[in-house]
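*Asks:* This is what each chain is made of:
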Amino acid sequence: MDILLNEEEEMLKKSAREFLEAECPPSLARDMEKDPLGYPPELWKKLADLGWLGLALPEKYDGQGLPLTHLGIILGEVGRAIVPVPLHSTMTAALTIAKHGTEAQRQETLPGVSRGATILTWAFTERDPRYVPESIQMQAVARGDSYILNGSKMFVDNFNVAQKCLVPCRTAPPSSGKSGISLFLVDTSSAGISHTPLVTMAKDKQSKVNFSNVRIPRASLVGKLNEGWTIVEHMLDLGTALLCAQMEGCARKDTEMATDYAKHRIAFGRPIGAFQSVQHMCADMLMWVDGTQLLTYEALWRIDQGLPASIEVSQAKAFGNEKCEAAVRYCQMIHGGIGFIMEFNQNLWFRRVSAWTMRLGTTYDHRGRVARALLDRPGPVRLGESQYESAPSR
Amino acid sequence: MNFDWTPEQEALRKEVRDFIRENMTKRLGGEMGEEMEEGADRERSRALRKKIGEKGWLAISWPKEYGGQGGDRMSQYIVEEEFARVGMGVGGGGSGAGAILGAGTEEQKRYFVPKVIAGEMSFCLGFTEPQGGADLAGLQCRAVRDGDFYTINGQKMFTSGAHNATHIYLMARTDPAAERHRGITILLVPMDTPGITVRPLWTVQNDPPAPPGTTYGMGRTNEVFFEDVRVPISCRLGDENMGWFIGAQGLNLDRVGASRYLISVHMDEDIINWAKESDLGGYSVKDDPAVRDKLAELWIEAQVCRLMTMRSMSIVQRDQDFTYEGSAEKVMAPEHGVTASEAISQILGPYAQLLNGSEGAVESGIYAHNLMGAFQSGINHGSVQIMRDQVARRGLGMPRG
Ligand SMILES: Cc1cc2nc3c(=O)[nH]c(=O)nc-3n(C[C@H](O)[C@H](O)[C@H](O)COP(=O)(O)OP(=O)(O)OC[C@H]3O[C@@H](n4cnc5c(N)ncnc54)[C@H](O)[C@@H]3O)c2cc1C
Chain Z
1 MDILLNEEEE MLKKSAREFL EAECPPSLAR DMEKDPLGYP PELWKKLADL GWLGLALPEK
61 YDGQGLPLTH LGIILGEVGR AIVPVPLHST MTAALTIAKH GTEAQRQETL PGVSRGATIL
121 TWAFTERDPR YVPESIQMQA VARGDSYILN GSKMFVDNFN VAQKCLVPCR TAPPSSGKSG
181 ISLFLVDTSS AGISHTPLVT MAKDKQSKVN FSNVRIPRAS LVGKLNEGWT IVEHMLDLGT
241 ALLCAQMEGC ARKDTEMATD YAKHRIAFGR PIGAFQSVQH MCADMLMWVD GTQLLTYEAL
301 WRIDQGLPAS IEVSQAKAFG NEKCEAAVRY CQMIHGGIGF IMEFNQNLWF RRVSAWTMRL
361 GTTYDHRGRV ARALLDRPGP VRLGESQYES APSR
Chain G
395 MNFDWTPEQE ALRKEVRDFI RENMTKRLGG EMGEEMEEGA DRERSRALRK KIGEKGWLAI
455 SWPKEYGGQG GDRMSQYIVE EEFARVGMGV GGGGSGAGAI LGAGTEEQKR YFVPKVIAGE
515 MSFCLGFTEP QGGADLAGLQ CRAVRDGDFY TINGQKMFTS GAHNATHIYL MARTDPAAER
575 HRGITILLVP MDTPGITVRP LWTVQNDPPA PPGTTYGMGR TNEVFFEDVR VPISCRLGDE
635 NMGWFIGAQG LNLDRVGASR YLISVHMDED IINWAKESDL GGYSVKDDPA VRDKLAELWI
695 EAQVCRLMTM RSMSIVQRDQ DFTYEGSAEK VMAPEHGVTA SEAISQILGP YAQLLNGSEG
755 AVESGIYAHN LMGAFQSGIN HGSVQIMRDQ VARRGLGMPR G
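Chains as they are written, first to last, in the numbering used here: chain Z, 1 to 394; chain G, 395 to 795.
Do not rely on the hints blindly, as some may be mistaken.
Reference excerpt, derived from the structure (chain G facing chain Z, CB under 8 Å, subset only) [unchecked claim]:
1. 689
2. 693
3. 701
4. 795
Because the hints were derived from the structure by calculation, they are not lab data. Bear in mind the structure is a predicted one, so any value in this text is a computation, not a measurement. Just so it is clear, CB atoms sit at the ideal spot from N, CA and C, and this is done for glycine as well.
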């Protein structure tokens with residue numbers, strides 16, 4: 001037990017920060033909000049050259065096989081510098097393929113990801129915004145050596161630039177629960193797919209994607225037919241933990257900027273940061289992002305160790321959603337009126353953190369999950385111990 | 395980063411747990427932990443402490459030559475946490491013997507530390523005075539040097555355990571002319587020195603007595619009066635007028651660790667386990683959607699408290715100093731205790747008023763007593779306001795007001 005970063009982790013964090021500070025000024029994020037691609041391909045290539053894109057992928061597919069916690073540290077820095085790259089969606093899908101895909105699927109996607117040639121995404125949500133099996137309605141029907149996909153997905157990240165997308169569908173209608181769901185790796189250029197961009201608070205690239213009689217090969221199936229839910233759940237947990245890392249890094253940078261502003265902005269003859277009420281807002285901001293970071297690191301560490309982690313992931317997202325939002329709201333308030341002005345940079349961080357709190361599970365969703373683990377399991381709970389049914393009581 | 399215990403530490407935890415199951419009740423732990431209940435069975439508790447000492451579980455991380463085990467801080471944490479669950483302190487803390495280890499003379503270390511570990515000596519803490527505690531550097535209790543002696547005059551307030559302790563770890567003013575942080579000296583004064591008077595201050599937890607395990611369930615604290623109390627200069631800890639700086643590290647360590655963590659979060663575990671079993675006339679508490687959401691929220695915050703504690707322990711284990719982390723923990727955990735005890739009062743409704751011994755009381759009324767005590771954790775050893783000042787100033791470099 002030593003939950004501080006070790007030397008290697010500190011070094012990674014430092015070098016990532018230095019690189020991004022040099023390469024990614026806030027103006028880049030601002031420019032990309034208006035850019036049709038939404039990311040600068042040259043920067044993406046540089047990330048590949050640095051080895052970041054293959055960092056947590058197996059060496060066999062040109063990756064480095066480093067721990068997931070390292071990727072979490074990188075995503076924290078990406079959030080901090082609000083780097084406009086499709087890293088989160090690509091990593092969420094790539095790590096899912098690395099773990100659950102067929103050998104052919106891995107060969108076909110992962111080396112390309114490591115090289116910076118392939119961008120990936122995943123599509124879960126339809127009409128019902130919750131992350132429960134019931135919200136998957138989209139159909140995939142087997143026909144000959146193909147599946148035919150019909151339905152639509154909302155809030156799909158970076159679909160405009162992704163080559164491939166992981167899509168969970170119902171393959172055994174009229175099922176509605178966990179069974180009967182299958183996961184497919186779909187080529188985004190397949191005939192019958194169309195997408196409409198959404199106009200979002202973070203001005204990132206999300207789409208509504210329509211699938212109309214889309215024919216994909218049988219070999220697109222990831223995992224077992226009708227048993228895709230556990231893979232999907234794992235993918236969502238992974239994506240959620242990584243998003244928490246990004247959200248925490250972003251909220252921390254905002255906190256630092258607001259604190260700095262408070263040290264210099266003068267009111268009533270002294271820096272506003274000398275007023276105790278402002279100091280205590282800043283102290284709370286720091287404790288909230290620290291709390292989010294600690295919960296997130298524990299979740300990522302458990303996933304990396306192959307331990308059950310759904311409770312830790314939900315703890316991180318439920319806490320982070322509320323507390324990172326509160327922190328960036330305080331940052332806005334400390335900036336007074338200027339925080340509301342588009343031309344001033346602060347809102348770039350505020351809009352992103354806020355948007356991320358709404359994605360991959362709300363506070364209520366995640367607390368519901370924690371409540372189920374605590375209350376619907378036989379036997380008492382004990383602080384500091386694993387609350388998983390199947391886990392050995394330690 | 396590593397969030398796991400080693401197999402040896404897991405085994406240690408299990409061994410301690412088994413020992414507690416075989417040898418202790420919550421009531422006995424409570425008596426030993428606080429050493430301030432009237433009627434406490436001293437013989438029995440001394441024998442038990444001896445047995446725990448023979449296991450090598452007292453002050454594990456303190457040096458062997460002074461009665462510790464020379465072991466690692468995390469193992470000590472594990473033992474502290476298990477014993478804190480039954481209300482017993484086995485660590486040693488920061489102020490008192492901990493500070494003597496840091497700043498004492500060789501003679502003081504040999505005289506005090508082994509006896510404190512064995513439970514034969516104990517310190518009460520003489521910081522707070524009637525005119526204030528948060529502004530500790532404003533203390534007025536005077537110690538005047540004449541030759542090889544100090545003469546002490548003044549009053550301390552809220553001196554918990556003063557009626558049982560063998561010594562007081564006293565902060566007194568030795569140079570009223572100096573800048574206030576630079577005129578304070580720490581004295582280790584035997585409580586049986588002539589001129590010391592101890593008077594009880596009964597708390598809201600005294601009648602009926604709070605059940606063992608209550609967050610700030612102490613029924614009694616004290617006022618201590620000093621009238622021409624004369625002690626030799628060998629009672630001084632560290633240099634004259636350096637008491638503020640000598641005491642700081644001890645105070646920091648008092649703010650963190652197993653006991654502070656558990657008094658703030660134990661009720662989360664208890665209420666969840668109670669809710670799982672409870673049925674109030676057909677109303678299943680655990681199936682109430684509002685309660686479920688609240689319990690999950692509390693549990694998640696408790697995890698933040700746990701991780702902040704682990705962060706502090708990781709820093710101590712690496713032999714590093716806190717920047718602001720101890721102060722952050724001292725805000726997060728006590729405020730969580732308040733949030734939790736208030737939320738539980740709304741989960742239990744009218745049952746949450748019922749005190750220890752009442753007909754219908756839930757779990758001996760512990761939740762009612764917790765509600766009365768929890769906020770106190772946010773006052774003692776640096777109030778949450780003062781702790782937030784420190785987070786802002788040390789953690790973020792904000793200017794003084
Ligand atoms: C049960 C119990 C046991 C105790 N045990 C001990 C003990 O063993 N030894 C010991 O020495 N003391 C002990 N104390 C005392 C405790 O440490 C003090 O109560 C505490 O330090 C606060 O001091 P005070 O009560 O004088 O309140 P004050 O110092 O008067 O503070 C009152 C309020 O004002 C706030 N405040 C003060 N200054 C500021 C500021 N700059 N900014 C914002 N807010 C501020 C405080 O946070 C607090 O909320 C104990 C108290 C109790 C109730």
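*Asks:* Taking the hints in turn, state whether each one holds.
*Replies:* Okay, the hints, checked on the actual structure:
Because the closest C-beta pair between residue 689 of chain G and chain Z is about 6 Å apart, less than 8 Å, the hint holds. Taking 8 Å as the C-beta contact cut-off toward chain Z, the hint placing residue 693 of chain G at the interface holds, the least distance being around 6 Å. A cut of 8 Å between beta carbons decides the hint on residue 701 of chain G: the least distance to chain Z is about 4 Å, and the hint holds. For the restraint placing residue 795 of chain G at the interface with chain Z, the shortest Cβ-Cβ distance is roughly 5 Å, inside the 8 Å limit, so the hint holds.
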